[in-house]
Structure formats: C-alpha cells, structure tokens
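Following the hints, put chain F in place on chain G, whose structure we already have.
Which chain is which? The protein sequence lines are G and F, in order. Throughout the first sequence, residue numbering follows this note's numbering, covering 1 to 539 in sequence. Throughout the second sequence, residue numbering follows this note's numbering, covering 1 to 581 in sequence.
Keep in mind that the hints are not guaranteed to be accurate.
[As the list claims (entries may be wrong)] EDC-like mimics (lysine to aspartate or glutamate), calculated; alpha carbons at most 16 Å apart, straight line:
id : chain 1 : residue 1 : chain 2 : residue 2
1  : F       : Lys567    : G       : Asp85
2  : F       : Lys567    : G       : Asp287
3  : G       : Lys308    : G       : Asp220
[Said to hold, decoys possible] DEER-style ranges, computed between Cβ atoms:
id : chain 1 : residue 1 : chain 2 : residue 2 : range
4  : G       : Ser353    : F       : Lys526    : 53 to 63 Å
5  : F       : Glu522    : G       : Glu366    : 51 to 61 Å
6  : G       : Gly378    : F       : Ser288    : 51 to 61 Å
7  : G       : Gly104    : F       : Asp505    : 51 to 61 Å
8  : F       : Gly58     : G       : Ser353    : 28 to 38 Å
[To be verified] Negatives, chain F to chain G, calculated, CB over 12 Å:
id : residue
9  : Glu57
10 : Leu120
11 : Lys149
12 : Ala379
13 : Pro395
14 : Asn447
15 : Arg532
Read the hints as simulated data drawn from the structure, not as lab findings. Every residue, glycine too, gets a C-beta built ideally from N, C-alpha and C.
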Amino acid sequence: MPRALPVLLAACGTSWASTALASGFDAPTIGSAQSGPVARDAAATWWNPGRLTALESTEFQVGLGVIVGAASFNRDIRSEHQYEDNLDFATPVATGDLDPNKFGKQGKVRTIPVGPAFDAYLAIPAIRDRLVFGLGVGIPYVAVLDYPTQGPQRFAGQSILLATPHTTLAAAVKLHRVVSIGAGVSYVLGTLSLSKVQDFGEVDTLGQGLAQPPIGQANDFGANAPPEVRELEVLARPVEITQAFGHGVSFHAGLSLQPTAKLALGLVYHHGARMTFRGKFRLDMDDDFFTQDLAAQGLQYPATVTGKARVQLRLPKRITLAAGYQVAPKVAIDGFASYVTYQDFDQISIRFSAPELAQPTLGIGENVDQVLVRNWKGTVNTEINARISATKKLLVSVTAGYNSPASPDSTLDVFSPDGHRLILGTGMVYRFTDRAALLADLEGQFLIPRTNTDSDFDLGNGTYNLFIGAFTLHGQFRFAGRGAKAKAKANTTPPEPPSPAPATDTSDPASPLESAPPKAATPSPDAPKTPPPPPAPGP
Amino acid sequence: MRTPTTTITLLRIAVLLAGSTLLACSDDSISTPTVPGELANGEAREVDLRYLRFDVEGFSKTNSLEVLRAMPRRVLQDVWLLDLDARPLMVNALEALRDLPDEDVAALTPAAQNMRRLVLMTPDNAELEGTNLEELIAISGAIGIPPAKCLAGLLDRGVTDPFIPIEIVADVMLSNVVATHPNAQFRRGKVDAEHPDGRYPVAPGHIPLTLADVITNFEDMAERFGPVEGHPGFVLEARGVSVVEQEFAMTSKVNANALPFKGIDLTNVDGASVNSVGGQIETVHDFSDPDWMQLTGLVPEPSVEFLSFGVIENDAFVNGGTSREPTPNGNSTAWDLPPWEFERLLIEMAKASVEGSPAHCDEYELGTGVAAFTGCLEADGWVTLETFNGVGSPPPPAYIWDLELELAQVRLHDGGLGEGEADVAMSIQNVAVGVPPEEMIEQVKKNVEANPEALREFASLLTDSTSGNADFYYVRGIESLPTDEHGDWLFFVTEADLALDDQGDPVRDYGYSAPGFFGDPELGNKLSDTRRVDGDEEHEKVRIVPGDVLYVEDDDGKLMRIDVLEKPSRSHVSLGITRMR
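So that you can see chain G by itself, here it is in the shape it has in the complex (with noise of 0.2 Å):
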C-alpha cells in the first residue's frame, strides 16, 4: 500500500508561505488489499510489473470504493501575536498591541473528508511464461479537505481537492524460472483545487514593495515573518486556485524473484514525476488597505484578482523490498518496506499571473513567484499480511502497516496531518467461478495523536488527529488468454484452477489448502520454467 502523499497537498496549500499538507490522503488502496509487489494480480502493473509474469491468463481487475476521513487540528499558539486588527508591520510590536487572548488552544476544527476510489488493471499475457502486459488506471495519490473556513487553521488551508490519476502501461518477461523483471511507464493526470486565507504578512513581495520607495517602510514581512506580524485581518486575504491541471510522467521498474516454491522476493523501484499544476486562480483583496487607501502611493488592487495559478512540484522516488511466504497450506504472510525519498519534497514553486497583480509602483510585476520550503524527510513504510483460505473459495486476509512521519515539526500544518502511522485492515475474496471473484476491503489508517509545538513561525503547533477508513471493492475476471490457451492444449490438467498459487494468488481463494503442485504433476514442457506459485504477496 502506497505510503501517504502529503506531497502534493503541500503543493497545493502551501501556495505562498504557509504549509498545506496532507499527509495521509493519498488513497489508501491501490488494486485490492491482495495486491502488493509480490502478488499475482493485474494490479502488479502498478505495484511490481516485473510480476506481471505469474500471470497466466488474461485478468481484469476493477475495483469501486469510498473513503473516509477523519482528521481534526486544535491549534495551540504558543507565541505572541498582535490584534488580528491591528497593523504593526515591525517587531517590536508595542505591548498594548499584543492580543493576550491570542494565546493557547483555539479549539478543535474537524473535517470529514468522503472520497471515492477507483482503480482499473488489465493483464494480458502475451508470450507464454514470457511476455505479459499490463495496463491500468489508478489514483495513487487523492486528498480531500474541507475545513471551516473562519476556523484558526485558515490560514494554513481551507480546503482542497488533489488527485492525480496515474494511467500505467507496463510490460513483464520472464528472464528465468526464478527471475522476472517488468517495467511500466505512467502519464499523470492531475487536478488540484484549494481555497485559503494567505497570509500577505508572510509575502515576500508585499514586504519587499512596502520596504522600497514611495513607501519606504522596513517591515518584517516576508516568508520569514516572526509570529508577531502574521495574520493580520487585513493582510488576510482568501484565495482559489480552481481547475489546475498537472501532467506529468513517471516510470517504475520491478524485480520478481521466486527461489523457491514458497517464497517469492520483489524489489521495485518507483520514479517521482515533476508535476506543473496550471490553473486558474481568484483572489480576494476587497479590502481598502489594497484597493484605495494607499493607492497614491502605488498600492492598489482591484476588489478581486483573477489569473492563471501555476503549482510545480516533485512526486518523490520510492523503492520497495517486498517478501512473500507460505508459512502453512492455508497461510501465508507477506510485507514490504518502502523508503520514500520525500527529501525531494523540498519545496513548492507557485506562480500567480495576472496584468492585475502588477504594482508597479511598488516594484510588483504581475507574475508573483513563491518558493516554498518544505524540508521533509524521507521515510519508511511497512506493511505485512497474513492471509489465510478459510474455504476453498473463500480468503480472508489481515493487514498491519506502520508509515514513519515525513513531515518535520518545522512544517508540520494542517493539511499535512502526518505522524506516526499505523494501519489495519482485513479484506476477503470470494470466488465465484474460476473466472470471477469479488473482493472487499476494509482499512483503516491511524495517525497516532501528534503534538507539535516546534512549528515554524507557530503556524502549525498542536495536536493533530486522522483517521482514514477505506472500503472497496473490486471485481476479478480472468480470461483464458493466449498464454493459457497455449498452456490448456499442451497440459492434460484441466485449465482450472489456473494456479496452485499460494493464498496470495487471489484467483484461488482456496490455493492456500492445496499450495503443493500437485496439479502441476503434469508439467507441460514449460514447466520447469514455471515457478511454483509464489507465497503471499499482497498489498
């Protein structure tokens, strides 16, 4: 399973100097809950092409869900800061102009994101025990925030919507009875909306015009604004960033190894993409301050500014490790470590353009750049699966995760609600017939309760809470492909069941009783090319 992406959130909130994150709001399923880089679905197309290869028969896997969060914020300012209707625009500010009420916990905001998931994977053999192709549509990465809009973290974000629709075609051979390997490529189509309040108190530009003439004030505004001259009422402003579409590619490569009859060992690698998110943008500066009061000095916005928004960042790499046992007839475990290389989630790069944002006056042209420090880490994910075929037609299977925090203190906000998280799920698949099976999913990801108090400019301190719950659904349909026929005419077994697969091997549910290879007795003449089915595998 997919460790959150609150990369992309970041992107979008954070559009000028506050974080927004949102960490644990990539989709929390990719395929089923028995998919993984060492299982043997359609769904390999995204997780280890390079197992695309135990497949031997065209399979079609396509799976609906809902998710649904449950993440809250009670922000606790811990330091000093002005009457939000105030405007002392330089530290010191004067004792009387500190708000001793701004102070301590704010009170708890909530929000309850619903989303849907959606995933597609086609699996088609195309050489026997060769050649297999993959292709598939998946939305790695979704988040859905909806906060309150007035509520103490508005300035960190309001609301947003990403989800970036990874397209994948990939392509697996079979090297030796032991060794596969795959590749895939993917086009990323991604769409962004968010609303926030920024904060111009932390806008370099605006404190750069303020400080040069006709103005001429030193001011401590910028992206390093002390605390004390942040969030300011009137240097509040909301903004949209609506219809900002992202393409972007990517590439992963996978390694499927099957040493033995029961254990399979996967290593694939994950390429980030550099996504550029082009939209459009509305920005509120109905405020006199901006449209009027200093407008013979230069300052002067209209009532409402709309333009193009452009929002570039880095998907981060990720490299996997994955195993597979069959530890008894009707069990197997299986689990992965990820280390995801959100390191290259330094930083955001925002651009708003519009003839309207142009002062200049003040030395403001009409492309205002923001460059957005991130600094998060790279981190660690695991997962492992116990999976179990309680009937010959039914799996049941158990899911444990943890997903180490990338997101620094220093960072931390709202819309990355990240920590320290565990994860459980269970899922089931029930096999109708041979070719078709139904499987449902139910996860749940828990961010241990984190308290932050070493938030940068204390724009993100205190405790955060998320839950995110995934139920899905997914329908498995296989086909006796070209490979299948090949292998149906040379063997005198019948085609089905296709695979003495272990419990991993969603397309028999039972396999995990009858894991030897027996029905293998009968090899064809391939059949020593064909490795015993692989342990569990799974998501």
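Coordinates of chain F only, in the frame set by chain G:
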C-alpha cells in the same frame, strides 16, 4: 477510435466531475463585493467600522514637476512657501537697464530712454538747461568752475556719482510700488482667529511665493502684479521666468498614520474614507531631520528672461516745493500723489538720496578772492544758493528734492514728450532674481516649520485617500494617548474633510445644518463636542460604548439613528443605522 487528445479530455472531465462532487459542500470562500443602495425611511442596516493605523516613519513622498503640475492649481496656490525679497531682482533690473548696450538702448521707447538717462544722471552729465537749476550754468561760468562741481558739492558727492544711487531707486520702488500692490501686501492662508479673513501680511518689498509659482515658473507674474484694485501694477510683462528645471522634485518625509479614517456615508450607509494626514499636519514632519523636505531641480540662478516693468507719471507737471513747511518734506504737491506715480517716486528717491548728508556750505570765489557764490545744504535737505556781487540769479531756497524733481521731470520729457506721455516701461532681459536657490529652500523649510498648516491641504492631496462622502468616521483612542482619550470615538466631518475635485474644490457643499451627534431625534441634546482627542480639536466627536443611541442629520437633512452594537474586536465598532426621516 479515440485520439489521445480525446482521451485526455475525457480524463479531465472525469477528474473535474469527481472534484466538483467532492467540493460541492465547500463554502465559497471569496465573496463578491456589492454596492448598497440608498437607505429608505425606516430601513436599518448594520455597518462595521475599522480603525487601522499604518504608522509610517520617514514616509518619503517625491513629487515630480509633472505630478505637481497635475494637481489642482487652487491647492498649489495655497501652499505658501516664502516671501521672496524683490530687492535683488529690482536692483539687478535697474543695473541691467543702466548697463544696456547702445543698440538695445536705441530700441527703448523715448520715455524709457529718458528714464534710463535719469538713472544714469550724475552732476557731470546732468543737463540743467530748461530747469530751475539752469542758472547754475551761468553762475559757474562767472566764477570759472564747472557746473558739475557746484552740483556735486551741493549734493556732497563726486561729480560722476549718480544723483540717485540705484539702491535707493530700488528701495523706493519696492516701498512705493511693490509694497503697495495688493497682491504683494497679503497672501492667502488658513482662516483662524488671528486671520479671520484668511489674509496674512507679506513683508514689505517681498513677493509671496507659492508652490504654484515655483512649479509654473511664475507664469502668472504679470497677471498677479499687474493692475489690481486701482494699483497700476509694476510688472507689465514677464517671460521665461526660470526657477525650476524639468527635473524639479519635491520630497518630504513624514511620520504619520498613512491610512484614512473609515466612516459612513449615511445616504446609503456605505463605507467611506476620510484622509487623516491633514489632521496630523502639525506632527507629521520631523524637523530634526535635515532631510524632512528636499527641493531639487531648482535652477542654480533663478532668472527672468524678459521682464518689463513700468511706472506711470502724473498727467501734469508737478512743481517742486517752495516752502520749508510742512516739514520735513516741504510743500510740493508731489507728496500728495499716489506712492507709485513717477513724480512721487522721484521726490522720494531724491529725498532718500540725501538723507544723512551732513549740513555744509560751499563757497566759491572770483579770481579776485571775493566770494561770489555759496551753496548750502542743511541737514534737513534745505538748499540755499546765494550769489554776491551781482553774479547771476540763483534759484530760490528749496529742498534739494524739490530741485531734483523739476530737473527730472524736464529731462523725462526730452525729445518733445508731453506731460502724461512719459509713462515709463522698461524692458530688460536675462535679469537674475538674485536669491540663491539654497536660500530659497532654507526659507521655505523655515516657513513650513513655523507654519505646517500651510501644507495641510497639499499633504492631504498627496495621500489622496479620501473617498466617498463620509458624514462621520471612527477613531479609536489608542493606548499611547491620555487615558481620557481612550475608547471608541465617532468624529463628525468638517469642511476640511470633504473630498476635492480635480480643480481642488470640494466635491460637495458642507450642507450640514446641525453637525455633530445628538441624544434626541429633535437634535436638541448635543452629545458631541470638540474636545481634544488624538490631537484633534476641530471635529465634533463623541465617545461611544455598546448600547449608546445617537442621532445625526446628514447633509441632505435626513435624520439617522445610530445604535452602537456589541464591539466585534478591539479596533472595530459595529453600528446599527436607521433612517428616521
């Protein structure tokens, strides 16, 4: 078969649809501004007013010539900078006249040539023929000395010294012509108790200089100092006055709250802004900073390319006096003439030129050693010429100025000019104003420092932040003020708060019949006064707390009730406005 483009489009649509669904429940975080309509009778609305300070220090504002020239002329004319000493200009002009090349002299009118000759007249070149001093020629001849020597001796100066030094001509012109001109006597200023008519005296012999004069290079000099209110004026034409260069810029630094006050236009209960800088004018400049005002781009030597100034003469020949009485001037009717008329000027100049001369007598003898002629000048200017032994017929005793008056009048009409035809118009070119720009700048700064009010309207215009037609506005008495000024205050606008149009005139009349805040709808119980709050003592103001009820009448006569509601935050007040009639 679908093309890749089609596929991408479909994907986009799918993603968008998903997104739209997901965010369907989101609030629209950005609202669209609306414009409120006029309040109907009985209608009520709530408004929020904010008091925001943007306290700037060393807030520098540079205005180029182009910017300044685009400002309303009326406002610029009200920015008095200094009273320019006109003496250097006058002296320079007379010297230039004196030193005119011959070819330029020929181009002068006969009267101007005669006037020039008067300026240049010395005992040596004085032509006494036809004057009451003509007899001196004969007397001098009889005693064998030049007449010039007699004259010089009488005047106690050298034979080539001018009868009337240029400095004295200038001084008399300044005191009698310039200083008597209405536009050089007073300048406009703020109406206050000491100046109820808004007229401020100008130092005699000075010309009040406004910002408008500077930036226009005194384009209306001839208009301002030409004929006015019975005064014939003294500048007939002025062209090419050069005070500032195209690069001229005026920079001033202020410490102030740069933001306007926020108020309400009761007509539609709409927000409006009232410029705050004008009200802070007494404190906005840090005079300890030598750069609080900078004027750059003044020409190194202000000058006038072409200046024509004139003096009119009386239509009749004005006789010199014949009596010592009344002292100290004598009885010439010239003293009764308007101070700017030529004859009056002459007699004053002549008198001034001998003031301080010691009493003395010069005695001239014949070759035989016998006294033949004495000329005595007494301390009060009385001249007695006596001859002995039948040598000629000297003029009767008179003041020296009486003698010179007649001499000058005769000479002025040389060439056949009749009385009344010798109005003098002297044109000179490229004459220096005579006041260095550094001196002008220092004077300007000194004047503004002593009277910051002069910049009030100008400063307001520079920040130009008044918008709408506020009837009142909100001020929070901040913590740094005295305790009794703390709290929330509503200030009723004054005439000075009205927005100005492009010509610098108020955009509306100050039509309030009962300005201020009242405690009853009959407007009989006035709650507001002009007590001092945050340095202001001009506005009607009232302190408010939640629960207060006020009544005000706007400039259209509409009566409004103001309910002070719960305070939203420290620097906001919430008001309920109800139209009562």
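We went through each hint and held it up to the structure:
Taken as a hint, the F:Lys567 and G:Asp85 pair is honoured in the structure, with Cα atoms around 12 Å apart against an allowance of 16 Å. Restraint check for F:Lys567 and G:Asp287: not satisfied, since their Cα atoms lie roughly 20 Å apart, outside the 16 Å limit. With a C-alpha separation of about 28 Å, the suggested pairing of G:Lys308 with G:Asp220 is violated against the 16 Å cut-off. Checked against the hint of 53 to 63 Å, the pair G:Ser353 and F:Lys526 passes, with Cβ atoms roughly 56 Å apart.
Separated by about 57 Å at the C-beta atoms, F:Glu522 and G:Glu366 satisfy the suggested range of 51 to 61 Å. Between G:Gly378 and F:Ser288, the C-beta spacing of about 58 Å keeps the proposed range 51 to 61 Å intact. Under the hint 51 to 61 Å, the C-beta atoms of G:Gly104 and F:Asp505, about 55 Å apart, fit the expected range. Between F:Gly58 and G:Ser353 the C-beta distance comes to about 34 Å, which sits within the given range of 28 to 38 Å.
A Cβ of chain G approaches the Cβ of F:Glu57 within 12 Å, the least distance being about 7 Å, so the stated non-interface status is violated. Under the 12 Å C-beta cut-off, the non-interface status given to F:Leu120 relative to chain G holds; the minimum distance is some 55 Å. Remark: the non-interface label on F:Lys149 is consistent with the geometry, its nearest Cβ contact in chain G lying 70 Å away (cut-off 12 Å). Non-interface status of F:Ala379 relative to chain G is upheld: no Cβ of that chain comes within 12 Å, the nearest being about 65 Å off.
No beta-carbon of chain G is positioned within 12 Å of the beta-carbon of F:Pro395; the least distance is around 72 Å. Taking the minimum C-beta to C-beta distance to chain G, about 25 Å, the non-interface status of F:Asn447 holds against the 12 Å cut. Annotated as non-interface, F:Arg532 keeps its C-beta farther than 12 Å from every C-beta of chain G; the closest such distance is 21 Å.
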